[in-house]
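For this one, chain A is given, so just place chain Y on it according to the hints.
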Amino acid sequence: MHQSILSYRGSRYLWWSLLLCLIAIVAYIVDEPNMPPNGGTVLGYILGTLSALLIVWLMWFGIRKRCYKSKMGTVVGWLSAHVFLGLALVILATLHTGFQFGMNVHTLAYVLMIIVVVSGIYGVFCYLHYPRLMTDNRGEVSPDSLMRQIQEIDRQALVIASEISDETHERVLNSIRRSRVGGGVLKIIFGRHKKANLEGLVQKAKVQQKIMKAKNVDSTMAFMASRITHGREDTSELLRQLTDLLIGQKEKLLAQLRRDLQYKAYMDLWLYIHVPFSFALLAALIVHIFSVFFYW
Amino acid sequence: MNIRIRHISHRRKGMVVKNELTTDKQTINIGRATDQDIFLSDLGVAYHHARLTLSANGQIGVASLSTVGIYINGRFLQSGSLKGQGAFQVGPYNILVEYNKNGFDYDITIEKIAEDIVEKQSEILPVLLLDETWLSRRRGAWVGFLLVMLIFLAFPLAGYFDKDFAQQQRDSMVLPDDSVWQTGEISKPHKHFGKNCDSCHSDAFEMVTDKACLQCHATTTVHADPEIFDMHSLQGVRCGSCHKEHNGSDYLIRKDQYLCSDCHKDLRSQVETELENISDFSGQHSEFRPLLFTRDINTWDKTSADESSWQRVSLRRPVVKHETGLKFPHDVHLDVNGLESPTGNKVLQCDSCHQTDASGLYMLPIEFERDCQQCHSLSFDANSPDRELPHSNLDALSATLNEYYAYVALRGNYQDDDIPTPGIISQRRIPGKELTPVQRKTALAWAKEKANDVKEEVIEFRTCGLCHKVERDDQSASGWKVPSVQISQRWFTKGTFDHIAHRATACVDCHQVEESKLSEDVLLPKIEVCRDCHGGEHIENKLDTGCVSCHVFHTPDSMLLGER
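Chain order of the listed sequences is A and Y.
Note that our numbering has the first sequence beginning at 1, numbered continuously upward.
Note that our numbering has the second sequence beginning at 1001, numbered continuously upward.
Only chain A is shown next, with the shape it has when bound in the complex (with noise of 0.2 Å):
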């Protein structure tokens, strides 16, 4: 039975993570340290502790995933911790803060852990939310089944094709090798793509043009469909026969390949913050500690 990273347990981590806020905000009130609350205070040294384990300990993450032999829990339970001792961690490092910012290192510490944290409540969204999308655009189907429908789809269309005429034929051809998925970052986060064009044939197509505009359909599916119009008796099944899969076939394959494509990448897309970012959150944290104890 799938868990969500949320509930994993009973949500365990989640109440460990409330405990923790809890403790640290009770805490934060009851002290006084006789100087405006600051991470240099006793308290402020305990809260800005844990905060450096906690960070270093969420990094860890990225490294507990890839290792597929570890016992040490599991990847789920450990991705559920992550998420809310990460949300803790905010409230952990401002109250280390004591609300002093400023324009230095420490805040910039700050800011990015912010970001990193930011982006991590949206990658749990987009791990909660996508999945059921790709599910509902694709089923059960895989993504490497969908692409081999689709070579299949392009086989017999050029059999058919070279049956008609070399022009069809080489129509097919064209539309074979500019249906693409996938290709540069916009391009499979948007999920768009050219469609086949005219290119050559545009003077003869005048008359398919507008049909084509009537039936709103690409280029070279005008084509097949005036062929269909204008076509010899004995070529015009075959036309048909060639629209219905490359129109009614391999167009929605396509668009659901590339849906899939696109949700994968949504999944991925917001990594792409979070990763480097906690890097450089890395990096800073590494120079606040350092900054603060060589000038004492």
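Hints are computed from structural coordinates only; laboratory data are not their basis.
Computed from a prediction, not measured in an experiment: that's the story for all the values here.
Backbone N, C-alpha and C fix where the C-beta goes; we use that ideal spot for every residue, glycine too.
Any given hint might turn out to be false.
[Claimed, not checked] Which bits of chain A does chain Y cover? Going by a derived footprint, with three or more residues having C-beta under 8 Å, they are:
| id | segment |
| --- | --- |
| 1 | 37-43 |
| 2 | 94-104 |
| 3 | 177-187 |
| 4 | 258-266 |
| 5 | 277-288 |
Chain Y alone, transformed into the frame defined by chain A:
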């Protein structure tokens, strides 16, 4: 031209040549049609797909005859050119053209590199996952990590080791200096040198030393001499233990009660001292102990005066007296009906006699000339009401009287309403006529007697004796003894008090003077009076009065920090 065209395939055994022909055509057609020079049967190839143009100088031109195009250098193109040697792909086939190779002008090798065009197409599929794009988490992580390290560690650290570079950094708007390490706002007094971190942070990984502070603050006094007060809490304490910089201006000087109560609440168990244990103004705090003159003023030997004559006496004692040497009833002076004065009836207020010093903090000690003489004239003879005796000097007083009466005796025309005077004294003199020696003798004898009479009267009754506790003293040259006046300069020597801050309060709210008949009365308020308004740090409904509201930490009479 001699051209070889070979169709080959790579098998496990090695290269297998399927078909080979030679031609001398410089223009070679490629396509799926059977009449093509290079015949390619796969459906991924158009009937007339492309044309190869070979020049004698090794220049190879490729042009697509169909809209499908040819795949050269990772791109689909309609035409392209190669020099000497090169390959391009048509459908699932790779066509390698080599100039001057294997004894031919051109050697063309064709190999099917994929099952069909569809598979070929999938091989050159663009990336499908973000991981396969230029985006890289690892690269981003390195960039972020190193950038932060460079800007916030390497640069400031370089400045620490190279002071000239540090100055350049601080002068520059762009170069990051060690101010990026600053943990908080520097207090205002330290701001003018605050940009130079090493003004205070001289040694790496070492807390700011007192040496750095004493560069400016050498004349600050210690709180207690650690040699005398051998307490753990005084050992190893740095200036920075209390003075926490980088918290703005408000917190550089500690004002919290714990600063003092930490030791003073239980001082007696830690060190031998006369000081009482004190923890809080509202709770554990001793009664005030003003500095009072405690000797009997009449028997006190002024010549052997020592400091012990003045002692701090607790107001807790049932009877507290301060020997002033004066006779001064506050109640008489503050009569609401007023007093007779040289300028008529006058109702006195506190400030008629008591003035604050220039700072407004403390009251000035009472001075006769300034505060009393306006009413208490030192005149001694009704014939000369403006003439006054000198104050606080009996010899001068005698001399004044002797001189005055000798003068009037020799001058004549002196009227005395009370006692009949000899005629030679009261008569007016004829101008230019001198007294005979006998007359002079008589007049001066009168003058001496008169001066002595007046002297006795003013000293014992009329003038001096009115305020001072005068006694006859045959031992002294003047014949009387007027005890010196002991007026306190500062009552509370261990605390501070600000009269200006209390000006909204009437004097009598704290000083119960209306009923006082004696100058010995100590009219200072007890701690209870202050506690009406002031409370310790933890009392909520009163003025927050921590220790440093009245006491200073760096006690003025202690040794200098620089001498420690």
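Hints numbered earlier in the text: which of these fail when held up against the supplied structure? none
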